[in-house]
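In order, the protein sequence lines correspond to chains A and B. The first sequence maps to residues 855 to 1109 in the working numbering. The second sequence maps to residues 15 to 750 in the working numbering.
Quick caveat, the hints were computed from the structure, so don't treat them as lab data. Just so you know, not all the hints are guaranteed correct.
Unchecked claim - In silico negatives: residues of chain A with every beta carbon more than 10 Å from chain B:
| hint | residue |
| --- | --- |
| 1 | Leu-879 |
| 2 | Lys-888 |
| 3 | Gln-897 |
| 4 | Arg-954 |
| 5 | Asp-1029 |
| 6 | Ala-1047 |
| 7 | Leu-1052 |
| 8 | Glu-1104 |
What the hints assert, rightly or not - What the simulated footprint calls covered on chain B by chain A, stretch by stretch (three residues with Cβ under 8 Å from a Cβ of chain A suffice, anywhere in the stretch; the number is not a length):
| hint | segment |
| --- | --- |
| 9 | 195-204 |
| 10 | 583-595 |
Note that CB positions come from ideal geometry on N, CA and C, so glycine has one too.
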Amino acid sequence: VKLGKRIWTLWQLRPWVAGATLLALVVAVWSVAKISLVPPGLQSRDLEMATAATHVVVDTPKSTVLDLRQNTDDLQALNQRAVLLGNVIANGPVAAAIARRAGVPISVLQVTPPLTPTQLLPQAGSANNSVSDIVKSTNQYRLSINVNPTVPMLDIYAQAPNATSAAVLANAAVDSLRDYLATVAVEQHTPPADQVRLLQLGRAQGAVINGGIRWQVAVFAFALTFALACATVIFVTRIRRGWAAAAFAEQQARG
Amino acid sequence: MALKRLPRSRRLAVIALSAFVGLVAAVINSGMVSLSSPHLRLHNLRIAAAATFVDVDPPASVPSLAHGSGEYPYDIGTYIKRAELLGRIIVTQPVLDRIAPRCAVPPGQLSGLGRITADVPFTFSEPYSEQRGSDIEASRATYQLEVEARPTVPIIDVYAQAPSLATAQCLANTAPVALTAYLKDLARQEGSTDPLVQLRPLGPARGGIVNGGATPEVAFLTFLTFFGLTVAALKTLVLFRRRGREPRPDPPREPPTYHELEFTTSAHTPARDSWPHTTRLLPWTLAVLIAVVWLTPFNDISLNASLPIEIRLDRMVLPFVVIAWLLALSAGGRFKPRMKLSFIHVVIGLLLAAAFLSVVTDARYLNQTLAFSLSLKKLPLLVSYVAVFVIASSAVRRSEVRPFMTYTLGLAVIVAAGMVVEYRTTQNVFWMLSAKLLPGGFTLNASSGDSAIDYIGRRIVRGPAEVPLEAVAMLSMALPIAVVRIMESPHWRSRLKYGAMTGLIVAAIFSTYRKSGFIAPVAVLLTLAYFRRRELLRLAPLGLVLLAMVSALSPRALGSVLGQFTRSDAKNVPTVSSRTSAYDAIRPDVWSHLLLGRGWGSYDPNDNRILDSEILLRLIEGGVVGLAAFVLVPVGVIAASRRTIALREPESSPIALVGASAAVAFLVMAFLYDELSFPHPVYIFFYIVGMETVILRQPTRREERRPPPVFLRRFNFDRPEPGPRALAEASLVPER
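Chain A with its partners taken away, still in its complex shape (with noise of 0.2 Å):
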């Protein structure tokens, strides 16, 4: 009965309620583009979220894969320096690197280094996760490491606005660490025979996983805000009648 009664009211004030549908129209398209008055024109947001993902074997110059005289011992040390790498990647120079690839400010890079079976939750302090994490925007460059358990494999994931930065993001990883492992072999005299080599298994592809975001947004919007226009429509009309109700009181006790 009230629902009914509020969509009466609402039908009452059809001016109001047309102000509120064009209200709702400009936030929804504001929700997925910028818009500029001067020069007039809309500019689109970053909504997709897009990824990419490449594997990479921490091997030796004699690939492993193929090597057999490899033993349990050595597939357990390379697994161990698959953390080490995954490590670097994360930190200093080769984050640095990645930014200046990517085109993107290192400010704003994420890189997640792996965890493993002994340390299952990222370094106290370096992860600062919120309940606000999950309205963040998905303008966002990320990348996360991850060691398999058990064999030298370096899983790297990556995330960006758009399929393209996240292919970038992803292969400048595997590249920016195997230029920074090479400048330190040079810089240590490091024999070739001695070095580690990245074994990439295929270059990272992007793709973007939210498409027709849009006019998800843009509906949601909508809806938000003209159900919260109308209700405040009501509002307003509900206490301008009290209002009059009030000083037609008054007048009535001053006679």
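Following the hints, complete the assembly by docking chain B onto the known chain A.
Positioned in the frame of chain A, the structure of chain B alone reads:
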């Protein structure tokens, strides 16, 4: 109900139009009719799966591992690691690119996924945001390969998924061949002439169709959803139009004043034909169902029978209640359930609509990820919760609500006593008795959560529930019944009686050692304090007695629970950090299905991450619409209760207060654990809300003739002075 008042021709028109809309939606959504060249396609959503197992063996020059333990490095341990490494390589792009053309798979349509099988903590394999995004992208491919290396033998399990069985088998069979080809190419690039590892498939891939009925299932569910939504929309339209035309109904009855109430009630005899003094079957069946819900671990009791669906104890009792309800409905007269649409019906209907719509709109993706069957199992569970609400709200009479609340309190006290015993003796009487008393045809899944401590070292005290948090939620919903009874008790003796019950319930809640055991009761008490601050303050001395009682019944439990909040690493314990890390980790799921979610019940924590929050689950499975619909249920109950609570009518206000408090407990617990995954408190919530709905609606004519129950003749605690209705209406603040 509105449709029944329509002329027959219009009623038929509404049904026909709804059926047409449902049919069109079903055809489009399931794709069972090809629109390009019209013909029926009953299997277009079919998915086939095939599996093969690949033995990883040393080269031919070395004895096979099957003949004995090989010499280091040709030993089994090394080859188990090699199997893991090679398995991982199968699902990378170079090998997938070699597999796809051999099976005529279009480029970019084949994805791969490797699963961790090593013995590592489960939190290690939970995906974070970036990996989850990648997994979502991989899950959309029409053709999929998944590998698992066995942790104890050098064997790789290869699973393939494709629209046809032949292609699935081809993918599985080609995987080891393509891997060998890749290894040869790699060896050629490196100039290696050493012999390669041997990959021996243990027989050809075998498989079958895994979702034979997918197309008709999607079509049927779509039809059902759109038919229901269209009927509801047309019904609403009819309702509005009729109310616009018809003269305004009479203003609602004034509630009885204090003196009227005293006068009329003293003139009447006690209610007859009211439960428990009735021979009507329906309230008795409902009472049996509620007893089963409170006292048995019903979700772990299943019928030993090979049926398409697993029959749990509640699913055996509930049909009897539904049948009794239908019989009563058809019988009419004094047996007929009284159905009247209320605001609470609407919000629960919205939840149901959002749940069905979320599955229907994402049916193809769910089918692709084989999660559609999960949703099909979870939707009937939601329907059964709603059925309990509908039955409770229509079958129970106003005069029966208070006895039912007393009954519920009694059951809660039994559960609380059992949990205190469990806390002190480590013997769970509910599970023990269930195991002993169950007839042969049933099985009690005793392995379900039977460990004595959880993964962070807290003792497990859970009563009839599956997990301690479930028991906390159950008792938190019963707690307001006891506290409200104290508030309305006229004598100290009865106050002490209900005080003892309250103490027992709180002691049982604390005995679970869960932080939620502090949060939920506090939320309930704050709700009661919001509406009845003055009365609650008067009970402060009783609160001290209650604290002493809790300490005596569950020694050290209170301190232990409070200590979990005050310890220095309170924010870093796994139970907190796993929850906070989930907020970021689920972003890909949320952003990929923002509006309507990925489908009710489709989120499988075994494949993803265990989410200890119903709110997050609703956001993922229902999107913002589903979450809003879910939150609207308890919020709607509170909103619907406010006016009745403020009126302070002795008959209805206490029940409304209980309903609002139970709704707050339900909402608070939704933030603390995956509430709907554990049915005990959900049944109880919908049952209590159903009871409250009976009180909130206007009495029917039969109920008006029926005298109020006996208790109303007694003095009620702090009943307000009689005042004009306008004052009560205008003042929705909790206290005047």
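Please confirm whether A:Lys-888 is truly not at the interface, meaning its C-beta sits more than 10 Å away from all C-beta atoms of chain B. Consistent with the label, A:Lys-888 stays out of reach of chain B, its closest Cβ about 19 Å off (over 10 Å).
Classify the label on A:Arg-954 as holds or violated, using whether its beta-carbon is more than 10 Å from each beta-carbon of chain B. holds, 20 Å
For the segment 583-595 of chain B, do three or more residues have a beta carbon lying closer than 8 Å to a beta carbon of chain A? holds (count 5)
Please confirm whether A:Leu-1052 is truly not at the interface, meaning its C-beta sits more than 10 Å away from all C-beta atoms of chain B. Fine: 14 Å to the nearest Cβ keeps A:Leu-1052 off the interface.
Just double-check A:Gln-897 for me: nearest Cβ-Cβ distance to chain B has to come out over 10 Å. holds, 20 Å
Against chain B, does A:Leu-879 keep a CB gap of more than 10 Å to every residue? holds, 18 Å
Please verify that the nearest CB of chain B lies beyond 10 Å from A:Glu-1104's CB. holds, 19 Å
Please verify the coverage claim for the segment 195-204 of chain B: does it have three or more residues whose C-beta sits within 8 Å of some C-beta in chain A? holds (count 4)
Interface-negative label, A:Asp-1029 against chain B, beta-carbon threshold 10 Å: For A:Asp-1029, whose nearest Cβ neighbour in chain B is about 16 Å away, the distance exceeds 10 Å, so it holds.
Non-interface claim for A:Ala-1047, where every Cβ of chain B lies beyond 10 Å: Label holds. Min Cβ-Cβ 13 Å, cutoff 10 Å.
This entry satisfies every hint, going by the numbered hints stated previously.
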